[in-house]
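Engineer: Between the sequences and the hints, there should be enough to build the whole structure, so can you do that?
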Amino acid sequence: MKEIFYRIFVRRREKYWWMNILVPLVSILLALIVGAIFIKSTGRSPLLAYKLLFNASGLIPGPYWRSSFAEMLLSASMFIATGLAFAIAAKGGLFSIGAEGQFIIGAVVAAYFGYAKPFAGLPAIIHIPLILIMVMLFGGSWGLIAGYLKAKRGIHEVIVTIMLNWIAFELIEGWLVPTGGPMAAKVETGVSGTPYISPTAKLPIILHNTRLNIGILIIIAVVYFVWFILYRTTFGYEVRAMGYTAIYNMEAPKVSGINTSKRIMQIMFLSGAIAALGGSFIVLGILSQYPPVFEGGYGFDGIAVALIGQNEPVGILLSGILIGALRTGATAVQIARIPKTFPAIIEGLIVAFIALQELVRYLLFKFLVKSKKSSSVTEGGVK
Amino acid sequence: MEALAVKNIIKQFPNVLANDNVTLTIEKGEIFALVGENGAGKSTLMKIVYGLYTSSSGEIYVFGKKEDIKTPEDSIKLKIGMVHQEFMLIPRFTVTENIVLGDEPRKGFLFDYRRAVKEVRELSDKFGLKIDPAEKVENLTVGVQQKVEILKILRRGAEILIFDEPTAVLTPEETQELFKTLNALKNDGKTIVFISHKLNEVMEIADRIGVMRRGRLQGVVNKKDTNEQELAKMMVGRDVVLELPKAEVKRGGEVFSVRDLSVKNLKGILGLKRVSFEVHSGEIVGIAGIEGNGQVELVNAILGFWKPVGGKISINGEEIKLITPYNMRTKGMAYITEDRKRRGLVLPFKARENVIMGQHTLYPFSNKGILNDREIDAFATKKLQEFDVRPPDIYSKAESFSGGNQQKLILAKEMSMKHNFLLASQPTRGLDIGATEFVYKMLVEEKKKGTGILLISLELTEIMGLSDRILVLYSGEIVGEVTPEETTEEELGLMMLGLKRKEKVVQ
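Protein chains in written order, with numbering that gives the first Met the number 0: chain Y, 0 to 382; chain U, 0 to 506.
It is worth saying that the hints were derived from the structure and are not from the lab.
Please note that a few of the clues may not be correct.
As the list claims (entries may be wrong) - Derived, one-sided and incomplete: chain Y residues facing chain U with beta-carbon distance under 7 Å:
{"no.": "1", "residue": "LYS39"}
{"no.": "2", "residue": "THR233"}
{"no.": "3", "residue": "TYR243"}
{"no.": "4", "residue": "TYR247"}
{"no.": "5", "residue": "ALA251"}
{"no.": "6", "residue": "VAL254"}
Unchecked claim - Here are the in silico distance ranges between beta carbons for each label pair:
{"no.": "7", "chain 1": "Y", "residue 1": "SER260", "chain 2": "U", "residue 2": "GLU134", "range": "35 to 45 Å"}
{"no.": "8", "chain 1": "U", "residue 1": "LYS245", "chain 2": "Y", "residue 2": "ASN258", "range": "46 to 56 Å"}
{"no.": "9", "chain 1": "Y", "residue 1": "SER260", "chain 2": "U", "residue 2": "ILE89", "range": "28 to 38 Å"}
{"no.": "10", "chain 1": "Y", "residue 1": "SER260", "chain 2": "U", "residue 2": "GLU247", "range": "41 to 51 Å"}
{"no.": "11", "chain 1": "U", "residue 1": "GLU385", "chain 2": "Y", "residue 2": "PHE94", "range": "37 to 47 Å"}
{"no.": "12", "chain 1": "U", "residue 1": "ILE89", "chain 2": "Y", "residue 2": "ILE205", "range": "55 to 65 Å"}
{"no.": "13", "chain 1": "U", "residue 1": "ASN186", "chain 2": "Y", "residue 2": "SER260", "range": "50 to 60 Å"}
{"no.": "14", "chain 1": "Y", "residue 1": "ILE246", "chain 2": "U", "residue 2": "GLU247", "range": "31 to 41 Å"}
{"no.": "15", "chain 1": "U", "residue 1": "LYS69", "chain 2": "Y", "residue 2": "PHE366", "range": "17 to 27 Å"}
{"no.": "16", "chain 1": "U", "residue 1": "GLN175", "chain 2": "Y", "residue 2": "HIS155", "range": "42 to 52 Å"}
{"no.": "17", "chain 1": "Y", "residue 1": "ILE246", "chain 2": "U", "residue 2": "ARG389", "range": "37 to 47 Å"}
{"no.": "18", "chain 1": "Y", "residue 1": "ASN258", "chain 2": "U", "residue 2": "GLY316", "range": "22 to 32 Å"}
{"no.": "19", "chain 1": "U", "residue 1": "ARG389", "chain 2": "Y", "residue 2": "ALA35", "range": "32 to 42 Å"}
{"no.": "20", "chain 1": "Y", "residue 1": "HIS155", "chain 2": "U", "residue 2": "GLY63", "range": "36 to 46 Å"}
We treat Cβ as the ideally placed atom computed from N, Cα and C, and that holds for glycine.
Structural biologist: Right, dumping it as structure tokens:
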């Protein structure tokens, strides 16, 4: 553990490394302040709203903390997955917005291997890993399509991933899952959507009397895995080199003999696999089936999570928890006569301030670093 | 009468003191050259005057009055204009639109394009800068684009014109054209500050010369009282060997060859036409030629970026079927590029990460795909010392090093990889004297070790001084093969312009 902290914080050897932590924090604070102004301008009490929001979010201990804490981590695990999926592609210089499609692919594959006959009878210890492996293979392959087209044909990944999102959506909700579709439950069971998964496929609960399951532990392991890959391996070294030179067509890594097209395909596979893993959590941990109408959006929210987390694995872990907390506390703000979509405004504001981070950084630098320096200079002048 | 004076300017950047107490006076109507090595602080000083940076302390006087310049708007009001190294033009706009941008003539609320064209035409007639106001900037050569920049600042009424290394991007002909313009502007009473590190140009154009070294002004001299040697000594702080060291090395076997190589460039035109030559071990083969005569095509074909339409490339006698940088390197090629920022380095990477690029997969830098930080640090520390990279901080990002030190980083990286063929593409482009000297020494060292070197360069002195054989490239063909002993720069120049051909040397 000490080794990890040492590597994350000390090894950076940047003079103002704490800026990388302070800037997101200040952005969040600014977003909350601006959000308060919005509430105030409608004649409601911002203090009450925030109190309700955070008490119910699972971040602060209080009554019913246990269940809201569990719900917070439950949704965080999915946001972290899609956030990591975006970030790992972004680190390699690819702007993948395909997490949405990969997420629902993961969900539907998890549902299929959860209920389908030969697998449903297996013991949980084999069944769950099997499902997760299949989910990552399918999700990864979905991402690989975009990676292949980018690497071999030079087609921009943004266009391909957007189209793949729609293809995934139409395949699943237009053909596989609706009544009469290959994966739909039999009419006589009275279930709409896919059949329910076998109990052996459900992710084991880790906090008694809540829905919190091992998904969060799996995703924390994935966070560490992604960090390790990016910063400790030659693969990650090459990926980062590509990301930094993406505007120059990755010429420097290419000239050094790095096989960039192979790496692009590998990154996109990895990105798709992680997003799909998030999709499996929602089926194996919450819904137990692929419903006829799927409330999506996790893939796109992942972009926001990655932005707030600065594309760093540890940052995404924290920002995923934050977004999870905001979503968990969302319904509670209705007591203060504020629509439950209000936390989405906060999210948007955080992203906006993160997008303005160069300005935030500049101002912070001016106030915290320069003021110290100039005072020392004038002291020197007096002497 | 003094046009511009700076007093006790100090500029502190996070890690370096860029300007250390600089005091300087520039007279009205003179061409004042500011010379110094890369990172000596000459550009910084002028950027402070122009308002792009603010100084940590010090005063600026413009036409005798103390002024507080905080932004470029302030300096434009004070009739100071600056032509940057990288042009700030919009390629899709016409010359006129670019020149009037930011201060457009209006007819009511509308942009009065016709009047703008008229103004630009009058302006170009007045200063003798011939230009087509209706042409799009993207269709112009670099030299003409520079004229657009000059007209742009003249239109704002600039009296003091600062040129930041204006000749770095120009061909020799364009440089002469620029010098004519500068002299015309001077005769018109304008004051010109000319930042450069090319001493021959400074000696040609300047009236007075200020020399900077490591943030300090070393002195100001009149052109007629000095010479290139003395200036070089002031710049570097010691005597500089400007003539190139020759080494007699016995030529060995063939290490690299191309046969009938033809390459199409991005425009789809055959940029290299059936070129054949070979490089032997212990030999430097120089490729001379004016820029754009097939050098880019040759380099990109050797690297495998552009697929040749015909011909073979072999290393150590073995034909490379699938040409990729990886395959070429494993067969023994190293590559020094002129494009440090794009091709040579990953700028946001630290020095330690850059020096291992290309050999990061090898033991001891990594084992089974996992990086070994301790070995990388030890190796980087050793290499930075060996190649005299300053500052020798392995945790500094590549982008924070000066051009010369970036090139040393590239050398450190490339030379530590196993190779016996070195492709050196304009290895001294944009480097100052000290770094250039370093690169020359290194090339000669490599030659002594028995490496075969293909040196592509636009600098004739470099080609003449270092090469054992010279091939002249003109519009994609080799029009001559000579040795430096039997030829002159004049003859090479004629061949480069396609006016003369010369038979192969009989060996």
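Engineer: With reference to the structure, classify each hint as holding or not holding.
Structural biologist: Structure-based check of all given hints:
| no. | hint | in the structure |
| --- | --- | --- |
| 1 | LYS39 | 36 Å, violated |
| 2 | THR233 | 5 Å, holds |
| 3 | TYR243 | 5 Å, holds |
| 4 | TYR247 | 4 Å, holds |
| 5 | ALA251 | 5 Å, holds |
| 6 | VAL254 | 5 Å, holds |
| 7 | SER260(Y) / GLU134(U): 35 to 45 Å | 39 Å, holds |
| 8 | LYS245(U) / ASN258(Y): 46 to 56 Å | 40 Å, violated |
| 9 | SER260(Y) / ILE89(U): 28 to 38 Å | 34 Å, holds |
| 10 | SER260(Y) / GLU247(U): 41 to 51 Å | 45 Å, holds |
| 11 | GLU385(U) / PHE94(Y): 37 to 47 Å | 40 Å, holds |
| 12 | ILE89(U) / ILE205(Y): 55 to 65 Å | 59 Å, holds |
| 13 | ASN186(U) / SER260(Y): 50 to 60 Å | 57 Å, holds |
| 14 | ILE246(Y) / GLU247(U): 31 to 41 Å | 46 Å, violated |
| 15 | LYS69(U) / PHE366(Y): 17 to 27 Å | 19 Å, holds |
| 16 | GLN175(U) / HIS155(Y): 42 to 52 Å | 44 Å, holds |
| 17 | ILE246(Y) / ARG389(U): 37 to 47 Å | 28 Å, violated |
| 18 | ASN258(Y) / GLY316(U): 22 to 32 Å | 26 Å, holds |
| 19 | ARG389(U) / ALA35(Y): 32 to 42 Å | 51 Å, violated |
| 20 | HIS155(Y) / GLY63(U): 36 to 46 Å | 57 Å, violated |
The structure is inconsistent with the numbered hints 1, 8, 14, 17, 19 and 20, although it conforms to all the rest.
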